[in-house]
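All chains should be built: construct the whole structure from the sequences, respecting the hints.
2 protein chains.
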Amino acid sequence: MPIGIGDDAAVVEPERNRLEVLSVDALVEGVHFDRAFTPPRAIGHRALAVNLSDLAAMGAAPRLCLLSLALPPHLPIADFDAMIEGLTALAARHRMHVAGGNLTKSPGPLVLDVTVAGTVKRRQILTRSGARPGDHLYVTGTVGSAAAGLGMLKALGHDACTPDNLCAARYLYPEPRVRMGLLAGRNRVAAAAMDLSDGLADAVYQVAEASGVGAVIDADALPIAPDAREWFSRLGEDPVTAAVAGGDDYELLLAVRPKLGRRLAEARRHGGIELTRIGVCTEALEVRLKCGEAADRPLPKGYHHFR
Amino acid sequence: MPIGIGDDAAVVEPERNRLEVLSVDALVEGVHFDRAFTPPRAIGHRALAVNLSDLAAMGAAPRLCLLSLALPPHLPIADFDAMIEGLTALAARHRMHVAGGNLTKSPGPLVLDVTVAGTVKRRQILTRSGARPGDHLYVTGTVGSAAAGLGMLKALGHDACTPDNLCAARYLYPEPRVRMGLLAGRNRVAAAAMDLSDGLADAVYQVAEASGVGAVIDADALPIAPDAREWFSRLGEDPVTAAVAGGDDYELLLAVRPKLGRRLAEARRHGGIELTRIGVCTEALEVRLKCGEAADRPLPKGYHHFR
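Going down the list, the sequences are from chains X and V.
For what it's worth, this note's numbering labels the leading residue of the first sequence as 1, then goes sequentially.
For what it's worth, this note's numbering labels the leading residue of the second sequence as 1, then goes sequentially.
You may find that some hints are simply not true.
The list treats identical chains as one, so a pair stands whether inside a single copy or across any two.
List of simulated lysine to aspartate or glutamate pairs, EDC-like, C-alpha gap at most 20 Å [stated by the list, open to error]:
#, residue 1, residue 2
1, 121, 15
2, 301, 286
3, 105, 238
4, 301, 209
5, 301, 220
6, 154, 230
7, 105, 237
8, 154, 237
9, 154, 227
10, 154, 220
11, 301, 238
12, 105, 79
13, 105, 34
14, 121, 13
15, 301, 79
16, 154, 34
No lab work stands behind these hints: they were computed from the structure.
Predicted model only: the values in this text are computed from it and were never measured.
Structure, rendered in structure tokens:
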């Protein structure tokens with residue numbers, strides 16, 4: 001880095017033989033988080049995590065980020081510090097350079113805008129559009145945990161933030177699947193990839209549309225954590241519908257050619273995270289959910305802003 | 001551009017033998033602009049212009065931008081469209097690619113976050129820290145016009161937006177000095193540069209501090225437009241103080257070795273904009289204003305957010 005923060009802009013040296021991947025995402029108080037039950041450290045963590053998840057979905061290695069903050073009146077300085085710590089701790093774990101930023105006051109809600117830059121070899125870019133009929137669909141980690149965690153936090157407030165509440169932790173401190181994205185691109189295992197920011201169903205619909213395929217998802221195969229399943233059931237919701245429609249998981253959906261199963265197993269071993277086969281891409285353009293012996297039904301749609 | 005908007009992130013190919021310059025800046029309604037007298041088109045224009053000005057100050061060529069918008073309730077769609085048009089029109093004039101973005105609703109004020117990326121050869125980077133005692137200080141365009149224009153808009157509202165009100169136009173549609181920045185870097189004319197986002201005085205203090213020099217500014221040499229001078233006088237303000245302290249001009253301050261005057265004249269001819277010699281860097285570390293025969297006084301400080 002020839003020049004860092006402090007001059008009119010940040011200056012960086014491009015990496016040789018790499019394409020650059022750029023993404024921006026914002027978290028707005030009252031829309032994407034509620035300060036009543038989201039600790040400042042988690043706010044900072046999530047602001048970067050949602051962007052890292054976009055890089056992971058492209059198979060890109062994180063490189064640097066820029067942070068732009070609009071601060072409401074009366075934000076305690078300790079909260080500000082904790083927010084920055086949450087962001088910089090995650091950046092450090094991914095060896096990212098916080099290359100610059102912008103700070104302004106605002107009469108309104110807290111807004112965190114994060115821009116990330118990463119790099120990827122041309123042949124290793126993951127897109128949404130490479131799936132073909134017959135490809136197997138895999139998902140990392142669990143689905144629905146963050147939605148359940150958000151529900152618990154809304155219902156119980158800070159009391160839900162116990163160390164053994166994995167759902168609340170999944171919502172507050174999502175782990176972007178950067179390593180898995182890199183391995184899926186590097187080994188040319190995945191034909192298509194997308195992250196689950198707006199839920200599994202949304203990701204399946206988008207990959208299917210971009211690739212010109214349909215999909216069948218097997219409800220029984222979905223990796224729904226027992227405590228998330230229990231939470232949804234207690235509310236009288238169908239756990240499968242709630243899990244596939246719930247956002248904020250920041251897991252990866254991968255479409256993989258059937259013959260590449262062995263490479264995938266290797267990537268999974270190196271990545272150290274769970275990968276579950278949840279369905280298959282089809283020639284028929286519908287996106288359907290198969291529930292045991294019951295008749296197929298359309299996959300319930302995912303979470304959308306502006307709804 | 002291998003992949004544009006639409007996938008999880010934007011993908012771009014780095015330019016050979018160039019460093020990358022990245023900057024982010026936000027405009028917040030109620031802090032940086034007032035929708036009562038700032039047309040939506042001007043809001044979009046300014047959101048990009050303030051970032052282009054940062055690239056200009058580094059001697060960098062603009063390449064692409066990312067836009068992140070937080071939209072308040074009840075923003076008319078026509079206003080949204082005009083805002084985007086204002087930004088894309090300026091981007092097109094600088095041959096910039098709008099490579100991606102993010103759109104979210106917000107319960108609060110309109111926030112526009114723009115990230116720009118540009119490129120520069122290593123030897124041509126302009127920084128704030130290269131000035132030496134004896135360097136001449138130059139400024140592009142005029143100083144104080146935008147501050148006067150903002151005053152007129154506040155006092156007169158939309159009535160101030162007449163085609164012949166150059167001060168209001170300077171505030172609403174600042175022209176970032178990208179070409180001058182490129183020429184100043186390319187010809188190695190400028191030893192230091194900074195843009196005047198927070199006013200001339202702020203820029204002089206910052207270049208002086210970063211370079212470890214002082215400066216003397218000649219009040220009589222300052223390029224203050226007659227209508228700005230008249231506006232400040234009518235309010236009972238000292239025009240020189242108001243002009244050097246006023247923000248939003250987005251001109252460039254350049255420090256130039258005396259013997260490079262001829263190269264500067266060439267750059268100025270190619271750049272097609274006014275350049276005025278306004279002072280000199282000194283060994284003594286103060287930053288002073290010389291007013292004709294009167295005694296020197298410290299240069300009045302510039303505009304600051306959070307004041």
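* Asked: What hint numbers does the structure not satisfy?
  -> Violated hints (numbers, rising): 3, 7, 10, 15; every other hint is consistent with the structure.
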